[in-house]
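Number of protein chains: 2
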Amino acid sequence: MNYCEKWWGWGDLSQSFPKDSTQKILNLLPSQWLQKEVDASIPLAITKKIEEIELPGIRLSNQDITHFKEIVGEKNFCTDKKTRLCHSFGKSYVDLIQARDKKIRFSPDAVIFPEDERHVHEIIAYAHFQNICVTPFGGGTSVLGGVNPQGTEPYQPVLTLSLRHLDKILKIDAASRMADVQVGILGPDLEKQLNSHGFTLGHFPQSFEFSTLGGWIATRSAGHSSNHYGRIEDLVLSLKVATPQGILETKPHPASSCGPNWNEVYLGSEGSFGVITQASLSLSEIPECKEYLSFLLPSYQEGLNVLRAIKKNYLSPSIVRLSDPHETQFMIALSDDQPCSKSSRAFLKNAWRSFPRTFPKNIYLSFGQKLKKISQQQASLLILCLEGSINEVSTLKSKIKTLCKKGLSLGKSVGIKWEKNYFLSPYLRDELIHRGVLLDTLETVTSWTYFEKLYLETHKALKNSLGQDAIVLCHISHIYPTGASLYFTFLAQAHDNPITQWIRMKNDVTQVIMNNHGALSHHHGVGQDHKKWIYDEKGPLVMDQMKALKKFIDPKNILNPNKLL
Amino acid sequence: MNYCEKWWGWGDLSQSFPKDSTQKILNLLPSQWLQKEVDASIPLAITKKIEEIELPGIRLSNQDITHFKEIVGEKNFCTDKKTRLCHSFGKSYVDLIQARDKKIRFSPDAVIFPEDERHVHEIIAYAHFQNICVTPFGGGTSVLGGVNPQGTEPYQPVLTLSLRHLDKILKIDAASRMADVQVGILGPDLEKQLNSHGFTLGHFPQSFEFSTLGGWIATRSAGHSSNHYGRIEDLVLSLKVATPQGILETKPHPASSCGPNWNEVYLGSEGSFGVITQASLSLSEIPECKEYLSFLLPSYQEGLNVLRAIKKNYLSPSIVRLSDPHETQFMIALSDDQPCSKSSRAFLKNAWRSFPRTFPKNIYLSFGQKLKKISQQQASLLILCLEGSINEVSTLKSKIKTLCKKGLSLGKSVGIKWEKNYFLSPYLRDELIHRGVLLDTLETVTSWTYFEKLYLETHKALKNSLGQDAIVLCHISHIYPTGASLYFTFLAQAHDNPITQWIRMKNDVTQVIMNNHGALSHHHGVGQDHKKWIYDEKGPLVMDQMKALKKFIDPKNILNPNKLL
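These protein sequences, in sequence, are chains A and B. Residue numbering for the first sequence follows our numbering, beginning at 1 and increasing consecutively. Residue numbering for the second sequence follows our numbering, beginning at 1 and increasing consecutively.
In case anyone wonders, no lab produced these hints; they're calculated from the structure. These numbers were taken from a predicted model, which means no experiment stands behind them. A couple of the hints might just be wrong.
The list treats identical chains as one, so a pair stands whether inside a single copy or across any two.
To be verified - Simulated crosslink set (DSS-like; lysine-lysine; CA at most 27 Å straight-line):
id, residue 1, residue 2
1, Lys290, Lys192
2, Lys406, Lys417
3, Lys171, Lys311
4, Lys401, Lys290
5, Lys192, Lys311
6, Lys312, Lys192
7, Lys75, Lys6
8, Lys453, Lys171
One chain only, chain A, in its complex shape (with noise of 0.2 Å):
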């Protein structure tokens, strides 16, 4: 199975972060951050063998064995060191430097592939009655311990119930644009279905190439074209969930007033409610034309002016990304010497060769006026995508300049290239970990009333428990009407043991993030990582209520423990 060759690192071992630009970032860091004793050039896959890790030992009595091989089959039941090693933690800044230790504290006793519905049913019936607990695995990219295996107590078996066989679209209904489609496929073999029919469903999450929908469904995903296309939440229509009590189904209608609606108390369960098996998606067509622009614009401010026009009259741009003077110049710094246009080229260029030391607060370049006028350290990179007909893309991109007039246009290949990269991204937290370097991410969203000190605010804390001298970079990604997402990228030297260090910036900064009117998540989910602060979230009533659900469905709390409730 090729998809655990690479257990203790993002993705597959046929890609990694462009050799050029790790350099190019290696460069911007202050030296000291870089471990001297560890030798860079020996990739991680060969520093580690699979031999010498010790993972905990099997739980599961016999009788369990034997009666999950009856369910699903021999070759669907493994407990071999491989397969348990790969499904033994998923993509969390703490699971890779724990990937890195020769004893793996958590794994889970097996991991079974059912093949149908009927088989998760049984599965769970019989865990249910066993009290073994059961960890729904999709891709496994979690970033927040969301399929990491643990018990309820130290002797309780553990098994990981993977998805990746029920991998199928069941039926396209073409006339009513819509797809009953089972939840462990993955992102690029949906989208490949979807096409030839031609559909889509304008979901791409960053972990796309190995999440799956129901990963994406549990967690309540959005992805880099939710801003046209709509959150994952928007595109179900219906469940199907194996439960211990048998498989539920909600039905696909396209609105509907009769009660409660019980596909959003499933979307975000995270497996505390059942494991979904199967979901109808509401599909779009590929849309006939699909165009970038960027723009540098004057100032953050100026980008939240623009993403609130856009909103405010309904445009629908699918990729919205402003980033912040820090995450633009840190763009910029990484650009290669072919960007946009002549003139500016040279600006980058001039940009990229004056980072990181601080930027002449006013440039004078050849290339017009708007240029003049912006400050390099005020300056904000907006990208955009617009799709849809050409008619429609050409109206948009109009409207779309004139909010933008304040800023400078790059035009397309700023955003194409940015796109190229997109998927490429999370495969430099390996090269960084490997190196000493701590790399991690965190996200929230808010209202645009609270948003700037938010936003001011985040940052200050992730200054203040990482060093001053961290990179602290952010972006916007999605917009509201109401609000927008906030998406940090930083960069600290790693200390003796990162996991502590983590561990306190985490809760420095959740804690600040929630004082300031900050989600817990905009699109990661909950997990592990964000547990503690739930009952601050929800509230409460929210969480008795939760809990009384979670009795109900999951008395003996087998499902996915630890996670979320």
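Take the given structure of chain A and dock chain B to it, following the hints.
Positioned in the frame of chain A, the structure of chain B alone reads:
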């Protein structure tokens, strides 16, 4: 309290369905439908004096009464006949028939008017302790028995909790286009206050003048402009709800991936899980421009093609109303002599004269080639309203005109007139009931795939149940990416026992809707009348989960029993 004056019918005493239109409709009906013995010239209000009405006895103890008065004050606790009477039912056909009886079967023991959410919580907590049922009451316009005060056993007291005093906008956050609003506010008060700040909620159900925000939320309401502004569930950001355990509050994040969206559990909860007291709402700016369009399309099928194309092209007219040929003919028949334009006037006048006799298959009049191709038996009227900036409306208009190129444009006035009568239509039912005619409506929604069959089968079922001479009209008022709503209006001769007649019709037709992939309700809710099918609609496992949650929140089942669950 002036809202009590018309306990026996719809709306306000000062309003009625236009007399000339009533007469036109009466002329259209088979004469044998009209009850000879009714003196229809005497308004119903005069035929039934409140003194003649008998209400059931009050079952509350003196201790209960004293306690409730202590909570809300003497003036806010009513046991007088008039207040009890006008909270004894909603506005369903069955309600209005029963209102004609001298003896009212179910009436609240008292009506309590809390002044703040703390009152609401205290009332519920005491009612929970003493096993007194609580029926929340907003505007009382439910057409499904949603506000009918019934306990779970005959001797159990029922308290109607009117939210009329919780009618304030607490905060408008212009920067984030949000408002915190108490749920007892009536539609016009809410809009007027929002309008004065430049905002609109854009929510206009036909009950708008007499229904409340809380009612809309508790039943997942949709209004005539929800195609553009969204249904109520799209507009609610957060909720405050009084439960026996305390006051639950969710956070108004623009979006979130922090577990299930618990707002969605309370949206449509119909009082079963607590009493909603407050909501944060997402607002829109008042549009610069609003323009009606209308088209006579050559067939219902062509109308459906247009609607699907509208969604496919992401166009969002606020009002979309496509009448089937039956409703189109009916509307033409009711139209006065000053419609649209000179040319269409002749057409419509001719149509009016020929109704209800069969139209000539094709009519040839002197206004353009298009009309020649429109068979009057197939013609379908499409009314649209466009909202936005002048530019947006103009662009949208030209796109929609292109989509409607097979139709005959009737200009603005048909839509303007329709809007004028929109809020008056429910008054017609009173007039007809008074004359022995059954007039009621029902609604559903389905995917495009099942639309035609559902439409035909429901139409047939209505005729089969009510008689082949019944008048059955249908329109679509809400379109979605995957389907559309169906709204049936039907008229028939009322039998001697109209309630039995109605129940048989409801049973027959609802079963046909359920068998043909229709939702149990698109925007009216569940209440008492749809409860019978809620297991079919939700499925047994969702019902079990909803009931488990109900049992946790409300173990004694005092919260609006016999509705929804």
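field: Intra/inter-copy verdict for lysine 192 and lysine 311 if alpha-carbon distance must be at most 27 Å
entry: Between copies only: 24 Å across, 31 Å inside.
query: Is it within, between, both or neither when you check lysine 171 against lysine 311 at 27 Å Cα-Cα?
result: between (34 Å within a copy, 22 Å between copies)
- request: Indicate which option fits the pair lysine 312, lysine 192 if close means a Cα-Cα distance not exceeding 27 Å: within, between, both or neither.
  value: So lysine 312 and lysine 192 pass the 27 Å test across copies only (21 Å; inside, 34 Å).
task: Can you give me the call for lysine 406 and lysine 417, within, between, both or neither, at a CA distance of at most 27 Å?
output: within (23 Å within a copy, 45 Å between copies)
- prompt: 27 Å Cα cut-off: does lysine 290 pair with lysine 192 within a copy, between copies, both or neither?
  reply: within (17 Å within a copy, 41 Å between copies)
query: Is it within, between, both or neither when you check lysine 401 against lysine 290 at 27 Å Cα-Cα?
result: Both ways: lysine 401 and lysine 290 sit 16 Å apart in one copy and 25 Å across, limit 27 Å.
Homomeric proximity label, lysine 453 with lysine 171: Cα distance no greater than 27 Å: between (47 Å within a copy, 20 Å between copies)
task: Up to 27 Å between alpha-carbons, please classify lysine 75 paired with lysine 6: within, between, both or neither.
output: Within one copy, since 22 Å is at most 27 Å while 72 Å is not.
Hint compliance for this structure: every hint is met.
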